[in-house]
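Q: Residue numbers (my numbering), protein chains in the order written: chain A, 3 to 343; chain B, 3 to 343; chain C, 3 to 343; chain D, 3 to 343.
Worth flagging that the hints you see were computed from the coordinates, not collected in a lab.
For every residue, glycine included, the Cβ atom is placed at its ideal position computed from N, Cα and C.
With a straight-line Cα cutoff of 30 Å, these simulated DSS-like cross-link-like pairs (lysine-lysine) come out: (1) C/K305 <-> D/K124; (2) A/K309 <-> D/K44; (3) B/K299 <-> B/K274; (4) A/K305 <-> B/K124; (5) B/K124 <-> A/K299; (6) C/K44 <-> B/K309; (7) A/K124 <-> B/K299.
Beta-carbon label-pair distances, calculated as ranges: (8) D/E117 <-> C/Q286: 28 to 34 Å; (9) C/Q286 <-> D/N298: 42 to 48 Å; (10) D/N111 <-> C/P186: 48 to 54 Å; (11) B/K221 <-> A/K274: 55 to 61 Å; (12) B/K221 <-> C/P186: 55 to 61 Å; (13) B/T282 <-> A/Q110: 29 to 35 Å; (14) C/A51 <-> B/R259: 50 to 56 Å; (15) B/A51 <-> C/K332: 41 to 47 Å; (16) D/E16 <-> A/K332: 27 to 33 Å.
There are 4 protein chains.
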Amino acid sequence: MLSFVNDYSEGAHEKLLQRLVETNRESLDGYGADPYSESAKKKIRAACACSRADVYFLSGGTQTNQVVIDAMLDKYEGVVAASTGHIHTHEAGAVEYTGHKILEIPHQNGKLTPEALENYLKAFYRDENHEHMVFPGMVYISHPTEYGTLYTKAELQRLSEICGKYAIPLYLDGARLGYGLACPDTDVALPDVAEFCDLFYIGGTKVGALCGEAVVFTKGNTPGHFVTLVKQHGALLAKGRLPGIQFDTLFTDGLYRELGRHAVHMAGILRKAFVEKGYTFYIQSPTNQLFIILENKQLVRLKEKVKFSFWENYDEDHTVVRFATSWATKESAVRELIALL
Amino acid sequence: MLSFVNDYSEGAHEKLLQRLVETNRESLDGYGADPYSESAKKKIRAACACSRADVYFLSGGTQTNQVVIDAMLDKYEGVVAASTGHIHTHEAGAVEYTGHKILEIPHQNGKLTPEALENYLKAFYRDENHEHMVFPGMVYISHPTEYGTLYTKAELQRLSEICGKYAIPLYLDGARLGYGLACPDTDVALPDVAEFCDLFYIGGTKVGALCGEAVVFTKGNTPGHFVTLVKQHGALLAKGRLPGIQFDTLFTDGLYRELGRHAVHMAGILRKAFVEKGYTFYIQSPTNQLFIILENKQLVRLKEKVKFSFWENYDEDHTVVRFATSWATKESAVRELIALL
Amino acid sequence: MLSFVNDYSEGAHEKLLQRLVETNRESLDGYGADPYSESAKKKIRAACACSRADVYFLSGGTQTNQVVIDAMLDKYEGVVAASTGHIHTHEAGAVEYTGHKILEIPHQNGKLTPEALENYLKAFYRDENHEHMVFPGMVYISHPTEYGTLYTKAELQRLSEICGKYAIPLYLDGARLGYGLACPDTDVALPDVAEFCDLFYIGGTKVGALCGEAVVFTKGNTPGHFVTLVKQHGALLAKGRLPGIQFDTLFTDGLYRELGRHAVHMAGILRKAFVEKGYTFYIQSPTNQLFIILENKQLVRLKEKVKFSFWENYDEDHTVVRFATSWATKESAVRELIALL
Amino acid sequence: MLSFVNDYSEGAHEKLLQRLVETNRESLDGYGADPYSESAKKKIRAACACSRADVYFLSGGTQTNQVVIDAMLDKYEGVVAASTGHIHTHEAGAVEYTGHKILEIPHQNGKLTPEALENYLKAFYRDENHEHMVFPGMVYISHPTEYGTLYTKAELQRLSEICGKYAIPLYLDGARLGYGLACPDTDVALPDVAEFCDLFYIGGTKVGALCGEAVVFTKGNTPGHFVTLVKQHGALLAKGRLPGIQFDTLFTDGLYRELGRHAVHMAGILRKAFVEKGYTFYIQSPTNQLFIILENKQLVRLKEKVKFSFWENYDEDHTVVRFATSWATKESAVRELIALL
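Extracted from the complex, chain A is given alone in its bound form (with noise of 0.2 Å):
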């Protein structure tokens, strides 16, 4: 069956796993003090353009958002986010887990605007009664977002100056970091996120590793004594060669580069179609994935042949869906979607 569920359904590009069993009888320290995992993290700060970046890496995408999220909160404060963000909507709570609220704005096309963003905290702080309110201490936005949509390089920048002004971080999701810098259309590089960002993480899960997420602090900005609060968390890996490795793989040789244009190349294609035969786009999403609305018949035909993912009800014949595409997307399997569309 073909799938086009998600963009983390297969194991590792090879060039990974190989490099995994190439250096697997090497006895090496724990806990990421690895030649690798330094290896990994001189190549991150080289492609971000900073050579102060300090980068840790942990294994998965809510793991990483609660993480540096708790860790950098003051205990009164709470993190921004747009109401379609990920913490905010499919993570269980982990961030109120830690003891944080989410501080809801609502969101344009999946982004928290520069503009509501000010509004939120100029009335924030002309509240007369905010010592009973939470801090806003954190800014949160994900890039792509959830909708697949991204910012431009001037929003960023505006972003990073609101924040700046109100002396609070912005924090960048990448879980498809990959995936929205590839864009043909974007104008954000990687050293613009760091220049811009606080701190952000570079998705791994999502973009051809078996896990992991590398975290760059930007500024000389790590918490105190982060490598205990990753511990007292539960998310410091025995083996840090596991994501060391991965990720030094990753950005050798421009390999995280070219997984992410190959899936948006991918997507462009089924794009393409999806226009050429009057599908109706719920969203515009220039990223690898598409949602569209499907007639509720037409969904249980393709439903036999393909997966994809249940995105909302639209109405009542109509039901948003969307399809992704990958580092591991081959371009056969999108040919053979588009001929049942």
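Given the coordinates of chain A, assemble chains B, C and D onto it according to the supplied hints.
A: This is chains B, C and D only, laid out in the frame that chain A set:
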């Protein structure tokens, strides 16, 4: 200076102080095991017409919400509340501090409507993915609401039915319950609250006590080892006599009802004056809080002689303000204020 | 029936009640912003001979310990305490509830000795592996201890020096501080406590107040947004006047000292009688708590006429019990008890 | 350089890597819903001779302890552990981070003895005051312990009976379970663990896997919505295939047993050599960890050629060190080390 700034500016009704004085040298067991606490519980059970009600005394509203919500929720659950709910806006994240998310629903005049609740719960359980979401484990309403509005008996019954259908408890925050029950137009009496809610609290701090809220579990549903949970939250008073004697007095000879009526009567006189003088109401509230849209110039003038609360900016030239009466408001003060309008 | 069961069985000293009554109808700002709270803080600063002391009022001991320890600790830190420390034994895990470990050190007569503390800290920082351990972030002592024993000035100074060396604050739980300061044999006065401790609290609940503890930060070290943190823990009293007026009265004309002295004087009479009648002391305590080893038969007999506390089983035939005097103990009651011995 | 520093320095057994490679391009459902995870669970149930065992895969030991202990405990409960328990010493307070206290009992050779446990529980329930204490809600043991020692079948049975009597679950941390089960002298087999423990985990990270621990609930006692709880803790792997395939391979053709035996055999050769050469053992450990008291001079000399672990200072001139063998230890390396002794 006149003060209509809130309903907790004075100490306690004199009868409460008098009883504290009279019983002062009695040697009593601590932590709520004294006979006055027992007597108060008995009277509250009678006033609720709920013989199996289990009653506990805590110090303040935020503390009560925090302890009770945390104690009732399973670890994977959150609490559903209107966007204007006090727990969501002005309790400094006390609920999230305990690890639980607040699941926000848009309000209607400060209320959580049965329709909105039902739609929310339906949608949650229709979602295929809810394993990654916070489960709704409780519904929070306040009565009167933060806008001074009231639920009807039919609305409470409907909310109760929906909660029953989804097997989650309905919790009513009664910080100002006395002012709600005393409204001439309400059809909700204390036994109705006890019937339709699985738990609620009767506010003392804002209705004539120095401190103290009475939590009532109405369905044999007190969480196991609740006293230990209260202690764990730092909320167990050594001298349980302090709230016990006060509530015992409040529920003797109808004092609680009388204090509520007085505040509502005072608000009625003031409301009539605002109407007659052509003031614009921000919201129609039948209880002890009046929300008025003032021209900013007038606001400045009035502020010199009267204390009242800033609520929110209305537009560039207008501000929403709140005038609150209380058990302690003197009719002469209301007359003075009216003369200033 | 005679009661020596504890020091919080009665209400409050009459002067406190009288002031509550006298000020009752004054319309005051909430949350501690009233002039009585201000006045109380001023008097406490003076009594501590510490002009920059920052003072806050909370309701009870466990709450105070929980809020203050959580507010002072970094997320990766725990609090060092003697194995007998109240936070470690009888506060239902209130500190752990906030996410922080208690790092236990064996006690000596209820005290944390400077030697034991220094050895612990040395060993911790010698350990190569301490990235995987909870960092000691604060030292907790109680004075008097849970066994009624007292630190000497030299011991406090030494503890303070060790804490200073490791840059962690020394926190003193003064639930019964009044009874410690009033001891004829102690060389520790309130200004010493303020000098050697980075923070401490002056207990009200056990020394003549209805409720209330005064937290004192002595080194310009109040945690940022402390009021919000207090609110977040559900510990902010709307009517801050309640503890404010009580502490203002306790620190007027030496009342706090006088109440302490009375209890210690009563304990002295009782101690002398126990000695004369050949009773065995479990521990030598100079304050208001006396720990006696009773034969079980005698215990049963005495229990019919006097209330006192079970402490622990001593052996099959003997039990350790506690007799506590307080600000409210009458000399006639002490005489009656002595007649029964 | 030779390394006996721990048992997680190498990658994974080659058969595991091979299966990861072979299955790599299969499109599988995420979050543990893949057929390899299913197959692994089936094989584990068989190996445990426990048909109703419910199995879940997590990434590492601290994470597993944190998630499982938090999920099993009621909010007012703590977990009983030996003073040497890993959760109590080297997990950075991960259990306390979830709000639960660890109730420490002195260890005996790293073990929690049935007598000590029973005395503790008896004393707790005899205490009149336990409403203000943390309730024991679970018993934690590790097997092998942190000192490499093992429980006998009779001891496990006795611990199980005591837990049953007090209606609290017995939890076994099996980070190194493979090395315990493979000991020639043990009478404890995997079905015994499943019979006597209410839950336990089978360690993968230290016994031949890249990562992964298999949690087994043996009595139909899986906490409700456990997957959501795992997600809430940030511990749910998107690619559940990663631990699934590894455990499926470990439990095929007795590989897990074989890996355990190898390490124990290597340790046996080394132990014999230490004995013959007159070295002093700090503790008698029958598994893959050997604790030796070295003269400091010798330690320095040996360190130049071999990696091993500092354990603790013994006296001024001696140090306790640990040599660990593993599934990956080569006999030639053991011979080289012996030659150096």
